[in-house]
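Asker: Construct all of the structure, not just a fragment, from the sequences and the given hints.
Chains as they are written, first to last, in the working numbering: chain L, 1 to 114; chain W, 1 to 113.
Computed list of lysine-lysine pairs in DSSO-like fashion (alpha-carbon distance at most 30 Å, straight line):
| hint | chain 1 | residue 1 | chain 2 | residue 2 |
| --- | --- | --- | --- | --- |
| 1 | L | K57 | W | K105 |
| 2 | W | K60 | L | K9 |
| 3 | W | K105 | L | K9 |
Calculated from the structure, these hints are not laboratory results.
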Amino acid sequence: NAGVTQTPKFQVLKTGQSMTLQCAQDMNHNSMYWYRQDPGMGLRLIYYSASEGTTDKGEVPNGYNVSRLNKREFSLRLESAAPSQTSVYFCAGDPGNAANYGYTFGSGTRLTVV
Amino acid sequence: GDSVTQMEGPVTLSEEAFLTINCTYTATGYPSLFWYVQYPGEGLQLLLKATKADDKGSNKGFEATYRKETTSFHLEKGSVQVSDSAVYFCALRYGGSQGNLIFGKGTKLSVKP
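Answerer: In structure tokens form, the structure reads like this:
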């Protein structure tokens, strides 16, 4: 099915380990986003990419890096995982910057750092 | 800055009850407004939207009207079902380079049979 695909769906890391969360979309979206969702905090924007080749920091970028590999793929990397990064991570795509469009979200990656 | 405020949950209702989830916003311009729904264990899905004042968005029996005079976009449904149990997010966005979605913190709805 067309949409936004995230891998893996679940992951457990030890403190200090690194990993990359993958996101791919087949909707020809220009913009892509990474959010984290924590209880009582709603969704917080980590990084976004307005177009291929560009990335920008969001509200909570510390401890993360991103790569917009091509138009389809936008990965999120944790270089040295910390327990505070235990969260559910969502990737989203957006066809453009038009106000009347909403985002399409992936199903999430549930990350636990022990 | 621009922001979205939702009523705090959780909201617990019996099946067939009337639902209102309040959403108000602070905006410097005239954004589009959205409601997203997140079912347990899933990502967010767009439920409905309205792009200008007095527009009504509707989907799956839910509706919300863009009220510029009260800066509100309250979500309503006349008769909820157990399957409506989810977290609901209100959001706004502008177009152009500053067009990222701004979300409220979400309201959890539980519907009991």
